[in-house]
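Listed below, chain by chain, are the residues.
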Amino acid sequence: MNCNDVAAILDSNRSARMAAGERATVDEHLSACEDCDAAWHAQTELLALRVPPMPATLLERALLAAHVPQRTQPRRAWPSMAIGAALLAGAALAGVTIVSLTSSPSANVPPAPAGEPSAQVDEALVATAPAATAPAPSATPDLPTSVELVETGGDVIPLVRHNPQYPPRALEQKAGGYVQLEFDITTAGTVENVRVVKSDDAQFEQSAFDALSKWRYLPRLSAGKRVRRDGVQTILRFVLTDEKNPPAPRSQAEIDAAIRESLQYSAGLEVALDRLATDDLRGVELQLDEMQAVYGAERLDLWNFYGYLYTVEGNYARAIDAYETAVAVAMRSPYPTSGPYVSLAKLYFARHQYDMALKTLLRPQQAVSGAPPGGSRRVSDEATALIDRLRALGVTEETLIGR
Amino acid sequence: MTTAHPEFRDLVAPHLKALFRSAYRLTGNRPDAEDVVQEVCIRAYAHLSTLRALEQPKSWLFKIAYRVFVDGARRRARSPVRTTAEDFDTTRSSDEPSPDDHAEGEIAERRLLEALAKLDQDQRALLALQVEGYSLSELQAITDLSTDVLKARLYRARVRLGKLLAGNGKAPVLALEK
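Protein chains in written order, with the working numbering: chain A, 1 to 403; chain B, 1 to 178.
Hints in this document: simulated from the structure, not taken from any laboratory.
Computed from a predicted structure; not experimentally measured.
Virtual Cβ for every residue (Gly too), placed ideally from N, Cα, C.
Where hints are given, some of them may not hold.
Sample of chain B residues with no beta-carbon within 10 Å of chain A, all distances over it, derived [claimed, not checked]:
| id | residue |
| --- | --- |
| 1 | E34 |
| 2 | A53 |
| 3 | P57 |
| 4 | S59 |
| 5 | R67 |
| 6 | V70 |
| 7 | E109 |
| 8 | A117 |
| 9 | K118 |
| 10 | A141 |
| 11 | D144 |
Below, simulated EDC-like cross-link-like pairs (lysine to aspartate or glutamate); rule was C-alpha separation at most 20 Å, straight line [claimed, not checked]:
| id | chain 1 | residue 1 | chain 2 | residue 2 |
| --- | --- | --- | --- | --- |
| 12 | B | K151 | B | E132 |
| 13 | B | K151 | B | D120 |
| 14 | B | K151 | A | D37 |
| 15 | A | K214 | A | D184 |
| 16 | B | K17 | B | D120 |
| 17 | B | K151 | A | E34 |
| 18 | B | K118 | B | E55 |
| 19 | B | K151 | A | E313 |
| 20 | B | K17 | B | E7 |
| 21 | B | K118 | A | E290 |
| 22 | A | K214 | A | E254 |
| 23 | A | K214 | A | E172 |
| 24 | B | K118 | A | E192 |
| 25 | A | K174 | A | E192 |
| 26 | B | K151 | A | D35 |
| 27 | B | K17 | A | D289 |
| 28 | A | K225 | A | E313 |
| 29 | A | K225 | A | E382 |
| 30 | B | K17 | A | E290 |
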């Protein structure tokens, strides 16, 4: 046994699986040769190095990065060509920012695709069933209601939503209505101090109150720390589906499966939120990776959560990637959402990429401008404030065009 | 659609985990490993037709990874901001459980990653690929080095790493760096 023999064993990765006799001759050489001893030790340590599992999002992010033409900011920029294409694709969406109080009767909103009930839907209607054929509410509490959610803050989007029970008496009367509620979001993302601001029919209040109390949010971030957010308002609208235009009928088995998946999905997100509340950031990421493996890469909630997580970690490049993917997913979604735009814009702002920040904020507006006239839109307070700050820095729509 | 060609996904996806493992050994932390993988995909996508025609896309992808890493290292070397052991620790601690969680294994790994960071980029790249299970002939294809040079460099890299590990944190190692 000489140095070349030892090197050959290491080169062929045989060091960990050798017969006892050969191993003895190796040991003999190692005890006499300092270099080989060091080399052997190094290889053993290298082979023992645990590599963390590949993040499930990496494939999607890499594919996205590969496709976007590269400019000065490799991987992270979203060149204008790509924006144009994405906007065209998203132009059919109305009211991307926020659903207004008075708009969109339920019949105009597509029902959730089978197997994708409330969980993925932001600010849109939850899966509906025609009132005439609605099963008893106690049997399928999730389905007869459709709830329109109107938010008031910028990126305040519930992550876990429990559908309110449609009050049985209201079902009998074929009555609809809304309840406006105010509440606080804790640093753990739970809902506290729910109070009814107003409603047009008191019989919906208890049901709305009970449901909202169980919702979970991503806690607000301030300077990287999770803080309370008090005085958030939301409106739950109870809508019965237009009987002339019912959604495709679904079998009881399909409905049960959809409810089951929805509950599992919510439970998964609650696990991630609980870990977040105890600062187990690694645990959060593992949970998200696992959920992505099960539910696929088209879940806006998950991308938002990744963006949030990386922001908490201070890993802004990763956070931007995640929110960019969230925006891409949102653009493909038939449901309007204000979702990731503001968060993404804030990150660009924090990294002094002011042009990108403004472009991001303008994306939903540009999409809306292609929608039929009369389509309502509201820019969130946070988005407006950010646009104002950019203007103060001399970054406006006009300066963007010139570049 | 805003994502890459489906064919590209099919070609690349099976090798991504191995790429990520190597990239992690190359860079020693997750964010940088992810950057390497993304950069590999960006460069590979620009040559989709080449990729399509290959019998062994894996070696070709690793060849790109090797270049990305060595180029990246050169860029970093030119940049006024040098990655130091301290930066390294910070990046790592945000990604991984704290040392208290599984103290011993964690400390050993940290020592190894610190030692790896002190190797020349070329040496480090060779080791990262070699422990992924590549044979000498495959490594030759990836690095364009002759067998003799490759063998010698691998051996020197291991010896250096082993000595860094043995003397980690002590004065002679620092002297070696300067």
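Right, here's what the structure says about each hint:
Residue-level check failed: E34 of chain B sits 6 Å from the nearest beta carbon of chain A, not beyond 10 Å. For A53 of chain B, the shortest C-beta to C-beta distance to chain A comes to about 18 Å, beyond the 10 Å cut-off, and the non-interface label holds. Distance to chain A confirms P57 of chain B as a non-interface residue, since its nearest Cβ pair spans about 14 Å, more than 10 Å. No Cβ of chain A comes within 10 Å of the Cβ of S59 of chain B; the nearest lies about 17 Å off, and the non-interface call holds.
Against chain A, the non-interface label of R67 of chain B holds: every CB pair exceeds 10 Å, the least being about 15 Å. Every C-beta of chain A lies more than 10 Å from that of V70 of chain B, the closest at about 17 Å, which supports listing it as non-interface. Residue-level check failed: E109 of chain B sits 6 Å from the nearest beta carbon of chain A, not beyond 10 Å. Consistency note on A117 of chain B: stated as away from chain A, and its beta-carbon is indeed over 10 Å from all of that chain's, at 13 Å minimum.
No beta-carbon of chain A is positioned within 10 Å of the beta-carbon of K118 of chain B; the least distance is around 12 Å. With a least CB separation of 15 Å from chain A, A141 of chain B remains clear of the 10 Å interface cut-off, as annotated. Its beta-carbon lying about 18 Å from the closest one in chain A, D144 of chain B satisfies the requirement of being farther than 10 Å from that chain. Taking the CA atoms of K151 of chain B and E132 of chain B, the gap is about 16 Å. The hint holds against a cut of 20 Å.
Simply put, K151 of chain B and D120 of chain B have alpha-carbon atoms about 16 Å apart, close enough for the 20 Å limit, and the pair holds. Between K151 of chain B and D37 of chain A, the direct Cα distance comes to roughly 17 Å. Compliance with the 20 Å bound is thereby established for this hinted pair. Taken as a hint, the K214 of chain A and D184 of chain A pair is honoured in the structure, with Cα atoms around 12 Å apart against an allowance of 20 Å. Taken as a hint, the K17 of chain B and D120 of chain B pair is broken in the structure, with Cα atoms around 25 Å apart against an allowance of 20 Å.
Pair hint K151 of chain B plus E34 of chain A holds up; C-alpha atoms about 18 Å apart against a cutoff of 20 Å. Our distance criterion of 20 Å between C-alpha atoms is broken by K118 of chain B and E55 of chain B, whose separation comes to about 36 Å. A distance of roughly 41 Å separates the Cα atoms of K151 of chain B and E313 of chain A; the hinted pair therefore is violated under the 20 Å criterion. The suggested pairing of K17 of chain B with E7 of chain B holds, with an alpha-carbon distance near 18 Å, which does not exceed 20 Å.
For the proposed pair K118 of chain B and E290 of chain A, the alpha carbon gap of about 34 Å is over 20 Å, so the pair is violated. Simply put, K214 of chain A and E254 of chain A have alpha-carbon atoms about 25 Å apart, too far for the 20 Å limit, and the pair is violated. Distance hint between K214 of chain A and E172 of chain A is unfulfilled; the C-alpha atoms sit about 26 Å from each other, more than 20 Å. Of the pairs offered as hints, the one joining K118 of chain B and E192 of chain A is violated, with about 52 Å between alpha carbons and a cut-off of 20 Å exceeded.
A threshold of 20 Å between alpha carbons decides the hint, and for K174 of chain A with E192 of chain A the separation of about 31 Å lies outside it, so the pair is violated. Taken as a hint, the K151 of chain B and D35 of chain A pair is honoured in the structure, with Cα atoms around 15 Å apart against an allowance of 20 Å. This hinted pair checks out: K17 of chain B and D289 of chain A have alpha carbons roughly 14 Å apart, not beyond 20 Å. For the suggested pair K225 of chain A and E313 of chain A, the alpha carbons sit about 10 Å apart, so the restraint of at most 20 Å is met.
For the proposed pair K225 of chain A and E382 of chain A, the alpha carbon gap of about 18 Å is at most 20 Å, so the pair holds. Between K17 of chain B and E290 of chain A the alpha-carbon distance is near 15 Å, which keeps this suggested pair within the 20 Å criterion.
In the structure shown, a violation is registered for the earlier hints numbered 1, 7, 16, 18, 19, 21, 22, 23, 24, 25, in ascending order.
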